[in-house]
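J.: Please build the complete structure, drawing on both the sequences and the hints.
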Amino acid sequence: ATCRFCGGHCAESFTRSVSHVQAARACVEMVKAYLRYTGQSSFGVITSRECNIVVDHAGAVALTGCVEAVGIWSLRQGAVVRTLRTSKASDRVTRLCLQGGARPVCAVGYSDGTVRLWNYDEATVLQTLQGHRSGVSCLAFDRSGGILASGASDTDIVLWDVVSESGIARLRGHVDQVTAVVFWEGPPRTADGGPGAGPPAGHPARLISASKDRLVRVWSIELQLCLQTIAEHQAEVWSLALNEAQTRLAAGSGDKFLRFWTLAPQASGGEDEPLATFYGAVPRPHGQGSALSLAFARPRAADGEVLLCQGSGRALELFQCHGEAGVKRRLRRRRQRRTAKRRKAAGEDEAQEAQAAEESGDEPHAADEFSELPPYLSAGKAMSMAWCPATSTAVLGLGNNSLDVLRVAVGDGGAGAVTPELTRSIDQHGHRTGVRALAVSHDDSLLMSMSAEAVKIWNTATLRCVRSMASGYGLCGFFVVGNEHVLVGTKEGRLELFDLRVAERTQLEEPHTGAIYGIAQHPDRRSFCTCSADRQLRFFELTLDGGPPESYVVRELPERALELPDEGLAAAYSPNGKWLAVALLNSTVQLLFADSLKFCLSLYGHQLPVVAVDISSDSQMVASGSADKNVKLWSTQFGNCHRSLRAHGDSVMQVRFLPGTHYLATAGRDRELKLWDCDSYELITVLHGHAVEILALALAQDAAFIVTAGGDRQIRLWRRGQEQLFLSEERARELEERFEQEVERDDLQRQHPGGEAAALRPSRRTVESVRSTERLMEVLDEAAAEAGTGSGAWLGVPGAGGSRRACARVVACVNTLTASNIYEVLLALPFGHALRLLRFICLFFEAVSALPGAGGAGGGEGGAQTRLLSAAAALETPCQAAIITAYVHHSELSATPTARPLILRLRRHMRELLQAEKDRIGLSMAGFAHLHRTFGRTGSLMPMGSKEAGAKPPLAQRPAALKKRKR
Numbered sequence: 001a002t003c004r005f006c007g008g009h010c011a012e013s014f015t016r017s018v019s020h021v022q023a024a025r026a027c028v029e030m031v032k033a034y035l036r037y038t039g040q041s042s043f044g045v046i047t048s049r050e051c052n053i054v055v056d057h058a059g060a061v062a063l064t065g066c067v068e069a070v071g072i073w074s075l076r077q078g079a080v081v082r083t084l085r086t087s088k089a090s091d092r093v094t095r096l097c098l099q100g101g102a103r104p105v106c107a108v109g110y111s112d113g114t115v116r117l118w119n120y121d122e123a124t125v126l127q128t129l130q131g132h133r134s135g136v137s138c139l140a141f142d143r144s145g146g147i148l149a150s151g152a153s154d155t156d157i158v159l160w161d162v163v164s165e166s167g168i169a170r171l172r173g174h175v176d177q178v179t180a181v182v183f184w185e186g187p188p189r190t191a192d193g194g195p196g197a198g199p200p201a202g203h204p205a206r207l208i209s210a211s212k213d214r215l216v217r218v219w220s221i222e223l224q225l226c227l228q229t230i231a232e233h234q235a236e237v238w239s240l241a242l243n244e245a246q247t248r249l250a251a252g253s254g255d256k257f258l259r260f261w262t263l264a265p266q267a268s269g270g271e272d273e274p275l276a277t278f279y280g281a282v283p284r285p286h287g288q289g290s291a292l293s294l295a296f297a298r299p300r301a302a303d304g305e306v307l308l309c310q311g312s313g314r315a316l317e318l319f320q321c322h323g324e325a326g327v328k329r330r331l332r333r334r335r336q337r338r339t340a341k342r343r344k345a346a347g348e349d350e351a352q353e354a355q356a357a358e359e360s361g362d363e364p365h366a367a368d369e370f371s372e373l374p375p376y377l378s379a380g381k382a383m384s385m386a387w388c389p390a391t392s393t394a395v396l397g398l399g400n401n402s403l404d405v406l407r408v409a410v411g412d413g414g415a416g417a418v419t420p421e422l423t424r425s426i427d428q429h430g431h432r433t434g435v436r437a438l439a440v441s442h443d444d445s446l447l448m449s450m451s452a453e454a455v456k457i458w459n460t461a462t463l464r465c466v467r468s469m470a471s472g473y474g475l476c477g478f479f480v481v482g483n484e485h486v487l488v489g490t491k492e493g494r495l496e497l498f499d500l501r502v503a504e505r506t507q508l509e510e511p512h513t514g515a516i517y518g519i520a521q522h523p524d525r526r527s528f529c530t531c532s533a534d535r536q537l538r539f540f541e542l543t544l545d546g547g548p549p550e551s552y553v554v555r556e557l558p559e560r561a562l563e564l565p566d567e568g569l570a571a572a573y574s575p576n577g578k579w580l581a582v583a584l585l586n587s588t589v590q591l592l593f594a595d596s597l598k599f600c601l602s603l604y605g606h607q608l609p610v611v612a613v614d615i616s617s618d619s620q621m622v623a624s625g626s627a628d629k630n631v632k633l634w635s636t637q638f639g640n641c642h643r644s645l646r647a648h649g650d651s652v653m654q655v656r657f658l659p660g661t662h663y664l665a666t667a668g669r670d671r672e673l674k675l676w677d678c679d680s681y682e683l684i685t686v687l688h689g690h691a692v693e694i695l696a697l698a699l700a701q702d703a704a705f706i707v708t709a710g711g712d713r714q715i716r717l718w719r720r721g722q723e724q725l726f727l728s729e730e731r732a733r734e735l736e737e738r739f740e741q742e743v744e745r746d747d748l749q750r751q752h753p754g755g756e757a758a759a760l761r762p763s764r765r766t767v768e769s770v771r772s773t774e775r776l777m778e779v780l781d782e783a784a785a786e787a788g789t790g791s792g793a794w795l796g797v798p799g800a801g802g803s804r805r806a807c808a809r810v811v812a813c814v815n816t817l818t819a820s821n822i823y824e825v826l827l828a829l830p831f832g833h834a835l836r837l838l839r840f841i842c843l844f845f846e847a848v849s850a851l852p853g854a855g856g857a858g859g860g861e862g863g864a865q866t867r868l869l870s871a872a873a874a875l876e877t878p879c880q881a882a883i884i885t886a887y888v889h890h891s892e893l894s895a896t897p898t899a900r901p902l903i904l905r906l907r908r909h910m911r912e913l914l915q916a917e918k919d920r921i922g923l924s925m926a927g928f929a930h931l932h933r934t935f936g937r938t939g940s941l942m943p944m945g946s947k948e949a950g951a952k953p954p955l956a957q958r959p960a961a962l963k964k965r966k967r
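Counting from 1, position 807 in the sequence shown corresponds to residue 807 in full-length UniProt numbering; the numbering is continuous, with no gaps.
It is worth saying that the hints were derived from the structure and are not from the lab. Here the structure is a predicted model, which means the values were calculated and not measured. One thing to keep in mind: the hints can contain errors.
[Claimed, not checked] Quick list of in silico lysine-lysine cross-link-like pairs, DSSO-like style, CA-CA up to 30 Å:
1) Lys-256 to Lys-328
2) Lys-381 to Lys-491
3) Lys-256 to Lys-381
4) Lys-629 to Lys-674
[Stated by the list, open to error] Derived DEER-like restraints, expressed as beta-carbon distance ranges:
5) Leu-126 to Asn-815: 16 to 22 Å
6) Leu-126 to Leu-223: 38 to 44 Å
7) Gly-100 to Arg-907: 39 to 45 Å
8) Gly-101 to Leu-223: 23 to 29 Å
From the three backbone atoms N, C-alpha and C, an ideal C-beta is built for every residue, glycine too.
T.: Here it is as structure tokens:
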């Protein structure tokens with residue numbers, strides 16, 4: 001009982017109670033509603049090519065980038081444990097970095113320049129840091145985990161204070177993408193806090209960065225200046241690594257050499273005393289492509305460190321790091337070989353003189369300290385590498401969407417050689433190549449995905465791979481009745497029948513000499529047809545063989561074969577079984593009678609080949625998608641074109657009618673999935689999520705979900721919810737998104753009130769900061785109106801009740817600003833509102849100073865102290881807001897005569913309140929220190945003269961110092 005006029009959105013009782021004309025008029029006047037599809041589920045990607053991988057400190061799980069999410073994989077089970085996903089699915093994950101220590105905190109960089117700190121055990125976002133204009137390309141924590149450095153494609157490096165959740169500085173000097181950053185802090189300190197060569201832990205002094213501009217820079221974090229620029233490379237620099245003692249710097253670039261430097265932390269950084277001195281270059285005999293990852297590792301039972309080098313090829317290279325004794329031994333051997341060669345060419349006396357000269361002037365080289373070990377060859381090209389010291393395990397992220405887990409240990413070959421050994425490969429839950437076709441079972445419980453190397457069956461409820469079968473290059477396929485067999489058409493012109501019960505291929509047919517581009521199942525589900533590049537349309541039937549267990553057999557019907565005028569790219573039966581539509585390479589669609597295969601209609605109008613075709617459930621409408629970016633809607637009765645829709649920004653790859661409706665789902669190479677209302681010819685909604693072109697599309701039997709896949713190996717599941725969607729609201733939302741993109745444009749080149757310092761700020765303007773600025777402006781306007789700006793009493797008199805209420809509202813709004821966005825909010829505040837904000841903050845300071853116990857007033861009790869403490873707790877953010885506002889608008893404030901008295905009052909009250917707060921904190925710290933000393937001496941916090949203090953605590957509760965007695 002659905003409405004003939006609105007497609008089922010009118011109540012059945014309403015359509016029965018009025019005439020058809022009245023129902024049509026009512027439907028025209030009603031606002032049509034649709035149900036929204038949301039795509040929060042994606043699977044099929046084990047590791048992205050654009051993102052690195054990291055291993056947790058215990059070596060139990062590996063974190064990988066899965067397009068827009070972070071996948072946490074169990075290295076023991078080989079399955080995904082949980083997924084870290086944001087609500088904005090269009091931002092891809094580009095970089096991962098774990099925080100030091102045992103805390104489960106991971107920094108994740110995204111393609112929009114955002115850095116988020118996740119608790120990956122609880123899958124919660126701890127912080128959001130926004131400071132880059134383009135994708136984050138490198139991340140690094142310092143040893144204490146309190147400072148985070150991020151580099152991006154915008155050539156900037158931003159330092160973040162993780163504790164205060166704010167930016168420290170923006171380091172600008174590179175002219176191309178920053179590829180690697182590493183903190184130079186000196187060797188690790190001992191557990192008892194013994195001295196080490198370098199700055200104190202938690203306060204790194206220097207940062208080393210590399211870029212595609214072929215330069216390596218050494219920065220001073222304290223001075224925020226570049227101390228040294230190293231220009232030794234002839235190609236892009238991709239990776240950096242420091243050894244455990246922090247005395248050697250290794251850099252990998254796009255050539256076949258690794259370059260090393262010796263680091264001198266006490267050097268001044270001048271030309272005569274550089275911080276980094278070139279040590280030499282070591283060739284990479286087995287290296288393929290650029291050195292993308294470097295890591296100094298100390299495997300178990302190994303004599304020294306090993307340098308792991310992962311290039312863009314299949315080889316994982318290993319270099320043995322020799323100690324001082326080994327370097328001297330290798331240097332001595334090199335001298336002996338050189339002397340022996342010269343003795344052959346010259347006399348004994350000349351050779352001895354040359355040897356003496358060499359020994360006095362010859363210096364150690366990087367080749368003397370680093371020697372090559374046998375490499376490890378992986379099954380595919382490696383994109384990233386991670387090292388876990390706890391388990392001596394190296395994990396490789398391969399470009400074919402798989403992970404290799406290697407155990408690096410001392411081998412049995414003698415001489416203490418370190419060899420990697422493959423222990424596990426995680427490749428079950430993803431395709432090696434892009435997904436070309438999808439199909440849903442008849443009960444919506446299973447999903448089939450086809451690629452160049454395998455056919456995989458997925459459970460739509462758990463999104464787990466339940467079957468994986470090697471096959472040809474699958475281009476199309478469907479589930480046979482019973483959901484126990486699947487049929488696949490391949491690029492080689494073969495038909496492959498698989499039995500899912502045993503996960504084996506049971507039949508192989510070769511009916512075509514060209515690729516099978518399309519396959520259409522008849523509505524009776526007992527026969528089907530295929531169209532191929534050999535211009536043949538062939539028909540088959542499915543029969544049971546009758547043997548135990550029962551299995552289907554494909555039998556061709558040669559008498560029904562038909563030759564097409566051009567290559568067939570897609571085919572579809574009408575649901576009533578009357579017509580068969582075939583899309584051709586000559587940009588037309590042929591409509592044939594399904595029973596006699598006689599020509600019915602030729603649908604022409606596309607400018608490029610038609611690659612997709614489908615027929616609606618009522619068999620009244622044909623939809624065709626073409627490489628000319630258009631979708632055309634045709635009538636099956638007369639072949640006239642109802643409407644031509646400019647559907648996508650690139651080639652249309654798939655079109656499918658939602659069952660029981662005239663709603664059309666289209667997918668294209670522009671990475672978008674769109675839903676259309678073919679009755680009103682309007683766009684319903686656009687669904688984003690894929691990183692590359694969409695190649696495959698499938699629907700549930702009742703359109704409860706839509707499945708898409710593409711060249712990024714990602715399979716996305718879009719489920720229909722209960723939220724209603726209205727076209728006017730959807731268009732308004734899309735317009736707002738375009739405005740937000742305009743807000744987030746590159747604003748660092750603009751002239752800011754703060755001048756050069758504001759341009760180099762570590763944060764950037766975001767939609768949230770602009771909204772916070774607008775909200776603060778509204779509060780300031782309302783507070784000024786409430787306080788009575790005309791009389792001017794609110795400007796300096798703290799006793800007015802209205803002004804106090806307005807002041808409380810302004811301060812409450814200021815306290816909602818966070819440390820990460822307060823600078824951006826106040827930077828966008830106009831000068832008039834900024835001056836108004838300073839006046840309200842000054843009024844707040846005066847009110848706090850007037851409280852009992854503050855500013856020299858008599859000490860109060862009870863409620864007065866509570867009010868004082870609550871006011872002091874809200875003191876930090878207003879002080880910070882006042883300082884930032886005065887800093888940003890310094891030039892305007894200096895030119896405003898009325899602003900000078902206001903600034904002087906602010907300075908006086910801020911100094912008094914902050915000094916009082918500092919004294920209060922100092923007194924509290926001194927009291928806690930005294931209590932700590934008392935507890936250490938007596939094991940109790942009671943005074944020495946009290947009875948409770950005289951009672952000795954039990955032996956188990958006494959301090960360790962009291963248990964020891966002198967003999």
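J.: Would you mind marking each hint as holding or not holding in the structure?
T.: Hints, verified against the model:
| no. | hint | result |
| --- | --- | --- |
| 1 | Lys-256 to Lys-328 | holds, 26 Å |
| 2 | Lys-381 to Lys-491 | holds, 25 Å |
| 3 | Lys-256 to Lys-381 | holds, 17 Å |
| 4 | Lys-629 to Lys-674 | holds, 13 Å |
| 5 | Leu-126 to Asn-815: 16 to 22 Å | holds, 21 Å |
| 6 | Leu-126 to Leu-223: 38 to 44 Å | violated, 30 Å |
| 7 | Gly-100 to Arg-907: 39 to 45 Å | holds, 40 Å |
| 8 | Gly-101 to Leu-223: 23 to 29 Å | holds, 28 Å |
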